[in-house]
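Protein chains: 2
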Amino acid sequence: MQQKPIILVTNDDGVSAPGILHLSNIAKQYGDVYVIAPDKPQSGMGHAITINSSIRIQKTNYHTGIVEEYSCTGTPVDCVKMAIHKILPNKPNLILSGINHGSNSSINVIYSGTMSAAIEGSLEGASSVGFSLCDYDINADFSATTPFIEKIISSTLTEPLPKGVCLNVNFPKLKADEINGLKVCRQAKAGWVEDFEERKDPHGRSYYWLTGKFVNFEPESKDTDEWALQNGYVSVVPTMHDLTAHQVIPHLQNIL
Amino acid sequence: MQQKPIILVTNDDGVSAPGILHLSNIAKQYGDVYVIAPDKPQSGMGHAITINSSIRIQKTNYHTGIVEEYSCTGTPVDCVKMAIHKILPNKPNLILSGINHGSNSSINVIYSGTMSAAIEGSLEGASSVGFSLCDYDINADFSATTPFIEKIISSTLTEPLPKGVCLNVNFPKLKADEINGLKVCRQAKAGWVEDFEERKDPHGRSYYWLTGKFVNFEPESKDTDEWALQNGYVSVVPTMHDLTAHQVIPHLQNIL
Chain A
-18 MQQKPIILVT NDDGVSAPGI LHLSNIAKQY GDVYVIAPDK PQSGMGHAIT INSSIRIQKT
42 NYHTGIVEEY SCTGTPVDCV KMAIHKILPN KPNLILSGIN HGSNSSINVI YSGTMSAAIE
102 GSLEGASSVG FSLCDYDINA DFSATTPFIE KIISSTLTEP LPKGVCLNVN FPKLKADEIN
162 GLKVCRQAKA GWVEDFEERK DPHGRSYYWL TGKFVNFEPE SKDTDEWALQ NGYVSVVPTM
222 HDLTAHQVIP HLQNIL
Chain B
-18 MQQKPIILVT NDDGVSAPGI LHLSNIAKQY GDVYVIAPDK PQSGMGHAIT INSSIRIQKT
42 NYHTGIVEEY SCTGTPVDCV KMAIHKILPN KPNLILSGIN HGSNSSINVI YSGTMSAAIE
102 GSLEGASSVG FSLCDYDINA DFSATTPFIE KIISSTLTEP LPKGVCLNVN FPKLKADEIN
162 GLKVCRQAKA GWVEDFEERK DPHGRSYYWL TGKFVNFEPE SKDTDEWALQ NGYVSVVPTM
222 HDLTAHQVIP HLQNIL
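Residue numbers (the working numbering), protein chains in the order written: chain A, -18 to 237; chain B, -18 to 237.
Hints are computed from structural coordinates only; laboratory data are not their basis. It cannot be assumed that every hint is accurate.
One copy or any two copies: either way a pair holds, since identical chains are not told apart in the list.
With a cut-off of at most 20 Å between alpha-carbon atoms, the simulated SDA-like pairs for lysine to any residue come out as follows [to be verified]:
no. : residue 1 : residue 2
1   : 194       : 211
2   : 144       : 197
3   : 170       : 228
4   : 154       : 196
5   : 170       : 223
6   : 203       : 162
Note that the coordinates shown come from a computational prediction; the quantities given were computed from them, not determined experimentally.
Only chain A is shown next, with the shape it has when bound in the complex (with noise of 0.2 Å):
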């Protein structure tokens, strides 16, 4: 008998979270479904690992009709390195992030932690996909992301992701109904016009909390995932590891 596909579900917003349960629930239509997700959210945390505390693990049972799961006091990318080291009974054929509550389009993919662990899991040389719905809401409807999660988990079965590559699949805000299709493109030229709301605590010392605007600095590009969002699209951003910027070398190598 053919042995199922080993397909591994995480995410940033803790293991309990809505957007995850959905995800696990199409997964496990094809495959052996582990979940290692981290117990409380972590948004923003980039690439974050833990390097200087332990790290522990919590069998936990929010989700149904999968083989086994945990909730990790780690990062997303301590899930996956544990998940693959530590849990999983053979490297996983399948890396799932998401679904995460809200946008890792274009630039937010560097602060994002379901798309780190969708990169970690490229590193480890497994097919890995980040899902995230431009919908921040706890209370999201996620249902219009399930006939694209399919065709995705389905193809990336058949055909691994080249080495070092994973996918960072965004959502718009959308009825399945309005939905155009799926849309490979490339990450937009963007960036968040920031600020730090000063507040007073009530001792008179202030502290500060992050805020911004998110800025498209290329609208007219119709090949980035900010245009295939706002026009009704799923985007699609292949996304790798490698941040050298190579066409730049020849110029240091002169002024250096």
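With the hints as your guide, set chain B onto chain A.
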């Protein structure tokens, strides 16, 4: 009278670490230096930002001959945002991060708090450089790094780095007369063969420590940072925040 350049200095080892003291001491020859750095070690924080809690800053007094210094309860990325939006009198001409106690070459760049500060700086439109010494010792000897840091500061103040590109500079653990010079190169394909060491707490429950062994997957390639460091060079990798695997887009457009 011409205004002096504004130089922001930060790191991930904390505001009073020997590496950042060495760096601010060099930087102050070139402009008005502001130090804003974490109040505690933040190694392995990747591109984490603080969004679920507030941030505080505190004036400190570890550096000499600079304009102002603060410790910050946030991550290295938070420090850069805070400095630019709340502390500096104008946009910085240069952002320097480090000198990190330990290597940030090859794949380490994605886990690195030092480099995330530099990447954030480049996102904010400032020439930014992260420096790391391949020596984890808190009493490491930083003296051999001085002439190279001087050259890089001088060069980047004269000619700002291309938009969206920062530098990842790593120093080998060598004496000044053993270093062969600067080498502009690319991020090596490398990884960590990891494991978790399991221990039992006094109550018999398991906890885990991340451990691992670094492996260069392409030791023969002479254009990588790992090769440069192994062969006595200071490695300089231009580094960016566009994670798109552009070459994979056509393939994915075919299969999705």
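(request) Find the hints from earlier in the document that the structure breaks and name them by number, from lowest to highest. (result) none
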